[in-house]
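Q: Letter by letter, the chains look like this.
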Amino acid sequence: MTDHGCIKCGSCLRACPVLSDPNGTGFPGPRTVGVDVPRFPERGRIGERALMCTMCHACEWACPSGLEITGAMLQLRAEVSPGLQLPGHLRMRENVRSFGRAVRTEFTGWREEGNRTLYFPGCIGLGPLAAMTTTASSLLTALGIEHDISSRAVCCGSPLLKVGALAEAKVLQHRNMETLAAYERVITSCPGCTYQLREVYGVRAEHMVEVLKAKDLRSKVRGKWALQLPCHLKRGLSPWSAEALVHVLTGAGVDIVRLPVEDRCCGGGGGMLAGFPATARSMAHNKADTYRAAGVEGVITACPFCALNLGREGLRVLDVSEAVHAEKMR
Amino acid sequence: MRKDVLIIGGGATGAGIVRDLALRGVECALLEMGDYCHGASGGNHGLLHSGGRYVVTDPPSAMECAKENAILRRTAPFCIEGTDGLFVSLPGDDPSFADPFLKGCKGSGVPAEELTAKEALSAEPGLSAEALRCIAVQDGSIDPFALVQANVDSAREAGAMVRNHCRVTDMVLEGGMVVRVKALDRRSGEILTIVPEIVINAAGAWAPQVAAMAGCEVAMGLDQGSMLVVDGRLCGHVVNRLRPPSDGDITVPNHTATVLGTTSRPAASPEDVAPSRNDMELLLRETSAMLPALRHCRVVRAYGGVRPLPGRGGRGASRTFSLITDERAGNLLSVVGGKLTTYRLMAERVSDQVCNALGARAGCRTRTEPLGPPADEAGGSVALARLRRKYGFKATTVSLADQRMLCSCEQVLRAEAQMVLAGPDALTLSDVMRRTRAGMGYCQGLDCALSLQELMMEAGGTEPLASLTEFLEERERGQALASGDQLRQEVLRRHVLQGVYGLGERE
Ligand SMILES: Cc1cc2nc3c(=O)[nH]c(=O)nc-3n(C[C@H](O)[C@H](O)[C@H](O)COP(=O)(O)OP(=O)(O)OC[C@H]3O[C@@H](n4cnc5c(N)ncnc54)[C@H](O)[C@@H]3O)c2cc1C
Ligand code: SF4
Ligand code: SF4
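Protein chains in written order, with the numbering used here: chain A, 1 to 330; chain B, 331 to 837.
It should be emphasised that the hints constitute simulated quantities derived from the structure, not laboratory data.
Using C-beta positions, here's what the derived DEER-type ranges look like: (1) B/Arg404 with A/Ser238: 54 to 60 Å; (2) A/Arg91 with B/Ser576: 56 to 62 Å; (3) B/Glu784 with A/Arg104: 50 to 56 Å; (4) A/Ser238 with B/Ala604: 49 to 55 Å; (5) B/Leu730 with A/Gly88: 25 to 31 Å; (6) B/Ala604 with A/Arg91: 58 to 64 Å; (7) B/Asp500 with A/Gly44: 51 to 57 Å; (8) A/Glu79 with B/Ser576: 36 to 42 Å; (9) B/Glu784 with A/Ala278: 27 to 33 Å; (10) B/Ser426 with A/Gly44: 38 to 44 Å; (11) A/Thr108 with B/Gly814: 58 to 64 Å; (12) B/Gln828 with A/Arg104: 56 to 62 Å; (13) A/Glu79 with B/Ser426: 38 to 44 Å; (14) B/Ser729 with A/Gly88: 27 to 33 Å.
Note that the Cβ used here is the ideal one computed from N, Cα and C, for glycine as well.
Full structure from sequences and hints, please.
A: This is how it looks when you write it as structure tokens:
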């Protein structure tokens, strides 16, 4: 980024959820990591705290100069990561090396029936959130979308890109492309996977909310619910995907309370959960407090990372597929 | 105050002399009217010459550069980037110039090696695909502020008195000798009187004025040169045009920037440094022919300097130096000409002559005595990795207890400014900038000026408000030619500093 147009307005710093978290002040910030430091011959010495960012894209949205800050930060991560030793990131890479996924797989309901659609739940959906995957799969079936859940599909590689492991991510892509070749349609629940499949693989993957938005659905929940609009859905895929989530829920009759913090990062993305668990936890904790203060039953989201990170704070967190059911089932 | 030797002028030459003499045990003092590097030593290209530039037109200078280049890389590694250099010719240039060039390199002892087009492109991927011939040499980039400060520190440690912001105003002569020299100390407002055995005039472009105080004349041509600071490193090597020395021949990567230079025109006075729009266009046009990426670069600022050249000056004038004495003031020695690259050699020659006159027998130690450690890039942040690069031996005196950032463009810690403010040399904001680099980056002080001001007020004993205004005006001068993103930056900078804080506002 040498002909960058940064004017030092500080908008990116004010927008960054990590910098404004009491546990995130060690982060050098988007301007330092994405704009200033890449100009230095010593940039390789930036240190592991450069990775203390959730890749929420809030900085990039705020920048009046239209700088691709997150892209530049990722590039720097790729350059410096080989020299860094964050235990959580090493564990995650070790997991991928030994069994192809970022976390241990707890899912058992594989469906390998030769359907033309593949449901791709992602590592978290096959791990700690296996129950969500089962519900989402049932919902797809109820909507008449017969699908496989393939045990051969591995991590999409997005978490590896976030920790700068480019070569390892490429290997996963090759393995997945072989599996994906057998399908005509791919549906995902994780916006990170969706982004990776679309933008990196070049595969036309659909996120669950995009599938659901054209369907007749009914609410499964009672009471008032708030939203957690995932960063990677709204600012990663597109703001329209985030609108689709709102549309699906209101269309199904869920009583939604819109809060100003709903599109603020929960702290779960970009390798933070593994790399800086204390910061991820602190961000989730503060956000959960805001939700609780709003007096809602819980929050509905469309990202396994958000669900996992906020869920640990004792908040009721549902994936969109758990909040609605197909109209014709009744 | 009695001193064996008084040196007037704290550029590279003066600082080199005071260190050399102090290391030989001579009791000496140096007075500088501004900050060190106030003259050409601050307003130059920062190129550690391999000698290549002068092999055809000025072989003695080439020879001096080659020798000194090797010595400085050894003794002052912290403030030098050993980038190496390339000389490239383009269509339209005389391709046969490469032959006398190579021959000249051999004759002057300048290590050089011709590369194939493929080798050249793999060494410097940004090079124009049209490059015809390419010769690799041992150019580097050097930080003159760090170099001069290290000389000052070393001289002090060896017992010399060195003061900046002290302008020599008068000389009193008796019997054809300078017996008293008066100077005005900006810090205290007091007049300082020095009684020297020998006076050395190392006042660069001001040497004629200083000589005139003793009723002597020094013939000198003043020659202005302009440079552009471009954000980011757009080349890995120093890239030179392979042709007879001309304008817009050289790009030097240094710190976070690439510096494009230079130009040449007669200067009306030592202060006539301002670059013109023509200079800027010429520099961009000529250097982007070698490195096409420069067409889309962000020009952060333009600055200039005045070369003190022996005789009448101009591109043709020799870059070697001479020592001038005058019987009207028998103990005044004027040093004229030379390069930043050869400052140590000049200092050695001057010191030899001085020691001769004083009957002192100690030999020169600056050829081997280190000025600083190698930059080692230790530490867990970019700021920490750069401490040695900027402060040499003094890097260890920066307190690491508080690692808050002062300047983000240049990744400067508040503690660095505090270290500098605690020392004897920083009177103004610009003094802190020259030492820490805070304020030198693309935002030109928007991010750091007020925090720096606050630190200066905490440190006390300085002139915060006057120097803030001076600093902002100086940064603003460099923005006179701003365009594109840099102009957007400048608009915001003025909006905040002038509009919001009402600073440096003019009618
Ligand atoms: C445009 C340009 C580009 C250059 N590029 C390079 C390069 O890339 N590489 C290289 O090796 N060389 C380069 N040079 C040459 C190099 O900068 C100079 O040769 C060198 O800096 C001269 O140092 P100096 O100490 O002799 O003079 P100066 O640095 O000018 O020092 C003279 C000092 O004397 C002080 N002074 C004057 N009058 C008084 C007084 N009355 N009392 C107290 N102090 C006084 C001044 O304030 C000044 O600081 C360049 C020069 C210019 C102008
Ligand atoms: S992507 Fe989000 S967390 Fe990362 S620097 Fe930008 S605003 Fe901060
Ligand atoms: S928002 Fe953009 S222009 Fe403003 S400081 Fe951040 S990177 Fe620079």
